[in-house]
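Residue strings, one per chain:
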Amino acid sequence: MEMKKPVIKSIPYEEFKDNETLEALIAEINKERTNVVVGKLDDLINWGRSNSLWSLTFATSCCGIEFMSVGAARYDFARFGFEVTRNSPRQADLIMCAGTITHKMAPVLKRLYDQMAEPKYVVAVGGCAISGGPFKDSYHVLNGIDKIVPVDVYIPGCPPRPEAILYGMMQLQRKVKVEKFLGGKNRHQKRGELPAEPIIVTNHPVKEDKEQ
Amino acid sequence: MTMGFLDNTYIGNILTAVKSLLTGLGVTLREFFTRKVTERYPENRKTQHISERHRAMLRMPHDEEGNNKCIACGLCQQACPNGTISITTRTVTDEESGKSKKVLAEYHYDLGACMFCQLCVNACPKGAIEFTNEFENAVFDRKKLIMKLNR
Amino acid sequence: MMDIEYIDIKSFRQTMLDRRAAGMDFLREMIGMDWEAEGLGVIYILENSATHDVEELAVRITERDRPQIPTVSDIWQIAEMYEREVYDFYGIEFAGHPDMRRLFLRNDWVGFPLRKDYDPSETINPVRLESEKNEEIVREYDIAEDKQLAELVEKMKILHYDQFVINIGPQHPATHGVLRFRLSLEGEVLRKVDIHCGYIHRGIEKMCESRTYPQTLAFTDRLDYLSAHQNRHALCMCIEKAMGLEVTGRVQYIRTIMDELQRIDSHLLMFSCMAMDMGAITSFIYGFRDREKLLDIMEEVTGGRLIQNYNVIGGVQADITPGFAAKVKEYCNDQKKRLKEYYDVFVNNIIFRNRSIGVGILSREDAISFGTTGGTGRASGWACDVRKRHPYALYDKVEFKEIIHTGGDCYDRLLVRLEEIVESIHIIEQLIDNIPEGDFKTKTKPIIKLPEGRFYAAVEGSRGEFGVFIESHGEKTPYRLKFRPMGLPLIAAAQNIMKGHKVADMITIGASLDYVIPDIDR
Amino acid sequence: MIDFTSINASIESYLQSVLPAQVATLVECALIAVCAIAAYLVFAIVMIYMERKVCAAFQCRIGPDRVGFLGLLQVFADVFKMLIKEIIDIKDSDRALYTLAPFLVVMSSLITFSCLPFDNGLQVLDFNIGVFFIMAASSFGVLGILLAGWSSNNKFSMIGAIRSGGQMISYELSMSLCILTLVVLSGTMRVSEIVEMQREGWFIVRGHIPAIIAFLIYLIAGNAETNRAPFDLPEAESELTAGFHTEYSGMGFGLFYVAEFMNLFIIAGIATTLFLGGWTPLYIPGLDGFNAAMEWIPGIVWFLGKVFFVIWLLMWVRWTFPRLRIDQVLVLEWKYLVPIGLLNLLIMTVCVVMGWTL
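Quick note, the sequences are listed as chains A, B, C and D, same order.
The numbering of the first sequence is our numbering, which starts it at 1 and goes up by one.
The numbering of the second sequence is our numbering, which starts it at 1 and goes up by one.
The numbering of the third sequence is our numbering, which starts it at 1 and goes up by one.
The numbering of the fourth sequence is our numbering, which starts it at 1 and goes up by one.
Calculated from the structure, these hints are not laboratory results.
In this text the structure is predicted, and so the values were computed from the model without any measurement.
Hints are supplied without guarantee of correctness; some may be wrong.
In silico lysine-lysine, DSS-like type, Cα no more than 25 Å apart, as pairs [unchecked claim]:
| # | chain 1 | residue 1 | chain 2 | residue 2 |
| --- | --- | --- | --- | --- |
| 1 | C | Lys-449 | B | Lys-36 |
| 2 | B | Lys-36 | C | Lys-133 |
| 3 | D | Lys-91 | C | Lys-133 |
| 4 | B | Lys-144 | A | Lys-147 |
| 5 | B | Lys-46 | C | Lys-327 |
| 6 | A | Lys-9 | B | Lys-36 |
| 7 | B | Lys-99 | A | Lys-5 |
| 8 | A | Lys-147 | C | Lys-133 |
| 9 | C | Lys-116 | B | Lys-36 |
| 10 | C | Lys-449 | C | Lys-116 |
Working from the sequences, and respecting the hints, build out all of it.
Here it is, written out as structure tokens:
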């Protein structure tokens, strides 16, 4: 069967990085055949979804400023239809995690992710979000947000330049385009693949209040 | 922004307010008709200018025969503040002189953790590694960001 | 090299009170220390805001289980925040402090990370995925002089349950990063503000202790990414001072120009973000549009847009590019014209004026007591520019005006920034044509070791004094490296001046103070 | 010129002839409903696209241009996405009211929308108190917003809704005053008559100074009614994340979004009808040839042209100014707009009585 290749304007398929992972994903999704009507409908829905990725404004540090640059006049992600950044997680389609996630921030990120409505995506922007980056030896930094939420696209850089962020968004569009919304496998299963939640230690740090 | 005798009167306040609002509207109206500054990435991929010094990825240049300049001294690995580079070496014995020397086996580089501080490039005595400005590096799989730089 | 005077803990408070009475009204820096065998301690750097005399004092205590030092938070208001930070990192309790909570780490964190014997293992402090409980009850320690150990005397509520409490942040568009406010509201009016930080605390100071000096440089760019050059300049300067290394004239010129470009960049961003916070998205985009041109120039030379990695020990990473001077001049001319547009579309707008004039007034006394250096201090009438107070690089050779406003409100704080852009352009124009020939980097040994001692260097960052304190024990890594955050005094002041204003004013005040959270949290 | 009255009449007589009377009426109603909803959606989509492009132009950007030619399909992509987005059940929310709220908002704007005279006879309802009805229908949208804020069990929503309530109810007043000024000028409340009277000179010209003042106040108040910047306090992004619709995802949010834009259309539509002559062409006394040429352009084009011009004006304002604070919003209304509006009504009355109108 001819593999359905996602098309992005102005960049040929071959010039994209990491086509192997994408093809593996397509192969896995297309294991079960679906009928033509559902397939066509899926294409339409995916076209809509991939062109209307509204991101949650979630910027913790330097990469956040580059994210703002992407939104400003020179790089203008409105051209892709991404400009509707929502501040409420309910209305966002993707969480663009731009910046370091620390131990104190981790529950917040997780909670925001849980508050988002399906279908939802996560983009890890910059070294800190991918692996802890410069701070990966620190006692207070989470080494990669993929430990707590499933990540769809990794955009390396410290910080990645605005074009790189746009490129990452196009990668995400490609991923959305090959998914199946109706009937087929989609990303709900991904949740199961997450590592088990870390052990929670509940002892208390500071000395107990003397009054008690 | 003074209105003379009308200063701080009811009417004067309205007039100053309206004047300031109209000035603002004038600025935006002018921008409405000026040329837009947006750069059309990715349509302009072929023509866009990225600074030569921009650091987006570490690279080890190879010549036509596929040789690199790395002598596996490990200085870059030591210089790296967060363990982004890991080098494995093997020992080869030179058949003529009988001396054994360390050569590079694999040069692994984690793009996903690199902070582009340039200490590795500064440390390299042979100029075997350099930063490139190829920024299109987004991938779907974390493992793809750990790269082997030597061929 | 710093000359530190040790004070006995018994006479500590009296000494501090005397110093304050003697005119030492600006607590420049408070540095927690762990000298292992010699015990824990705190170093205080005081300054007289009129004469700019500096004094360094230290206090030590050998007790490790429950070390206690009397508070100075009633002498200098900023000490309230600094002492919480020291408590958080070193577990030193400050007797008499009104609110002894952790500042950065979660309240269920085990151990004090900057102590030398801290165990960083993941099993003790795993990544917890449940949020921390709000700590409404705080400890306060009695200051009774006669007792050996101050006792916990009172429980106090931060916010009462019957108040209408809303939580803003840590993920919120107007907090400029990950700061969290807990607000007690009465209608739209703020009754109490409780600021939580630490959501981007990355433990940079601790990490620096295990890094070589060149490696520590990379972190400074990521503290306050909008004054990356200045931060790095400060650290390089501090190390060079300790090594006794003189940089060439060319380097001084390049560094000064770059610092000022960075300042323009930061102030443009401040204008943009303030506009965005107040709903004027178009003004935000105008600011960013012009900032991009500046970033282009900087990127051409340094290779980075935000994180530039440009200053290195002994010089700069690479020489300036041939077309640099021409581009900078073109940009400067262009930017001067653009500034008028900002005034027309936003600053003089009646809506903005009404929302910012008289809002969030910070008096001169409070500004000094809180140590809010930078534009915020200058908007309150405090001449606190490090470039004038303790000149470094070429600032004693160029002619420029220190912008001072006296209103102390949000409007003045914005004006100071915009006028400083003009001053920065003025400085650049004096330098750009006269860059002397010479090396762009002085050769250094591959392994850099600093002589034993304590060193402090400060620069005027984009939003205040950025200081670097190094204690070296003669090794290739610093024994203690402390950065003076520009933002911590700002949020300490914010907590105070926000009270009594409306929710919308809180956003305005926050934007006008212009803090960058990674700089506060480090 | 096409006269829709006759077309309507012929459709009606045809339906009456083939179907029994009651059924025919039912079918008519259904037809009208379908047409109204379709038009509503089409205009919503056009306006969202327009907003994005206009906003981009003011901000030196390009705006959507990659989805379809010139980004024309952008809004359709958004609609598809929104339709399939998960709708989240909010814990401890008042579910019935939570679900009802967006429909109330849309209903209010839909009813008002159908009262607009798009062309001669192209209007769903036309009766002697038409203007009054429009005012009444448009003002119950605030109920939806209040309910949304209340039922979401979210403090941000709640504050947003309370702000919205205070703001919208206040501005209703000056809006009504402006409309009243025009009713004084026209002497009727029937929408079709008001438009017809402007055939030889729009009211903004005939009523000169008081009419222009009323027009400006109306635009300001209308902007406030639609909760758009600089009056977007109920959803003030930088303060209240998304205000009253913070907790809405998927289509719930979509409906609020659409209703916001349609309210803007309605405000512009009413302004056009009352001040700018509705669907009547431009008429300059004395230039008969010019006037005849203008007559050739269909009324609906005139109407939409004027409406979109007014919308553009409002967008221009929206993308220039910073946001007001809640107390300033109310000060502006009660200290400035209402007194001026009242005075203006008086002036207009005097003008009409003395015959000083053009």
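Going down the list of hints, with the structure as the test:
1. Lys-449(C) - Lys-36(B): Between Lys-449(C) and Lys-36(B) the Cα gap is close to 52 Å, so the pair fails against 25 Å, i.e. violated.
2. Lys-36(B) - Lys-133(C): At roughly 49 Å apart (the allowed maximum being 25 Å), Lys-133(C) and Lys-36(B) break the hint.
3. Lys-91(D) - Lys-133(C): Status holds; Cα separation ~20 Å.
4. Lys-144(B) - Lys-147(A): Holds, at about 17 Å.
5. Lys-46(B) - Lys-327(C): holds, 24 Å
6. Lys-9(A) - Lys-36(B): The hint holds at about 21 Å.
7. Lys-99(B) - Lys-5(A): The hint is violated at about 54 Å.
8. Lys-147(A) - Lys-133(C): holds, 23 Å
9. Lys-116(C) - Lys-36(B): violated, 56 Å
10. Lys-449(C) - Lys-116(C): Distance of about 20 Å is within 25 Å: holds.
Of the hints listed earlier, those the structure fails to meet are numbers 1, 2, 7, 9, in rising order.
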